[in-house]
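Q: Here's the letter readout for the chains.
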Amino acid sequence: MMKVMSDEVEPGREEAPFVADGLAAGAYNEEGVDLTLIRMFLRLTPAERLDEASSSANGIEELRALQVPASR
Amino acid sequence: MTFDFRRALTVLATHEVEFIVVGGISAILQGAPVVTLDLDIVHRRTPDNVRRLLAALRSIDARYRHDPRGLVPEAQHLLGPGHNLLQTTCGPLDALGAIDEGLSYDDLLPDSEEMRVGPDLTARVLSLRRLVELKAAAGRPKDVAVLPTLRATLVELERTRDA
Chain A
1 MMKVMSDEVE PGREEAPFVA DGLAAGAYNE EGVDLTLIRM FLRLTPAERL
51 DEASSSANGI EELRALQVPA SR
Chain B
1 MTFDFRRALT VLATHEVEFI VVGGISAILQ GAPVVTLDLD IVHRRTPDNV
51 RRLLAALRSI DARYRHDPRG LVPEAQHLLG PGHNLLQTTC GPLDALGAID
101 EGLSYDDLLP DSEEMRVGPD LTARVLSLRR LVELKAAAGR PKDVAVLPTL
151 RATLVELERT RDA
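Protein sequences, first through last, are from chains A and B.
If you use the numbering used here, the first sequence closes out at 72, no skipped numbers anywhere.
If you use the numbering used here, the second sequence closes out at 163, no skipped numbers anywhere.
No wet-lab data here; the hints were simulated from the structure.
Take the hints with a grain of salt, since some may be wrong.
[Stated by the list, open to error] Computed Cβ-Cβ distance ranges for the label pairs, DEER-style:
#, chain 1, residue 1, chain 2, residue 2, range
1, B, Arg-63, A, Ile-60, 34 to 40 angstroms
2, B, Asp-61, A, Glu-31, 39 to 45 angstroms
3, B, Pro-119, A, Val-19, 37 to 43 angstroms
4, B, Ala-138, A, Leu-44, 26 to 32 angstroms
5, B, Gly-82, A, Glu-31, 31 to 37 angstroms
6, B, Gly-139, A, Ala-25, 53 to 59 angstroms
7, B, Asp-120, A, Ala-24, 43 to 49 angstroms
8, B, Tyr-64, A, Phe-18, 52 to 58 angstroms
9, B, Gly-139, A, Gly-26, 27 to 33 angstroms
10, B, Glu-113, A, Gly-32, 26 to 32 angstroms
11, B, Gly-82, A, Ala-24, 48 to 54 angstroms
In this text, all values refer to a predicted model and were calculated from it rather than measured experimentally.
We put the CB at the ideal spot given by N, CA and C, even for glycine.
Make a model of the complete structure from these sequences and hints.
A: Structure below.
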């Protein structure tokens, strides 16, 4: 029998309730790594990840340039 | 200083350099949400490839980062197993003759794969699994610090591949 994709929730298979707290929702693994970040990054293509890497590094460099030497 | 890892890879590809992306950028390309400030490559240390690598490096004004005179790399530097830590117009680029206990391009080749990293650009990248193994074996604090994220990425990657 062919299955038809539908937005409707199957009877007897209700969606899990939304849990706002990431800790309670199991967003981290046992080592404390935020899995939501990994899943988000995995949705990008390698090319997009490469651009993100350049962008992050440039962002750090811009922050460094903004840094004011601590006053004595 | 400007970081443009895509341009660095494009320049290497344009010059037909044989190399494997290792380190942070290889992890990032495979989905690890980590930050890095340099592009690490292990290049093939044959005279022809080193000649192509030198041409590529000269086109992006590569100079040794740790040398105040701004010396440029020469063939004899790149033919050896040492780590050539360079500053380029695309940002820091490390041309590594060998990594971890003398692993060369040829040693790492079986654990690498071509990856599309731009519209008309591919690069050979060390597998995340091998990268995790190498970092675990190295055991240096900087490697140990990033291992939980790399391992978790590997698990997620394999889970999505199996799905």
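Q: Provide an ascending list of the numbers of those earlier hints which the structure does not satisfy.
A: 1 and 6
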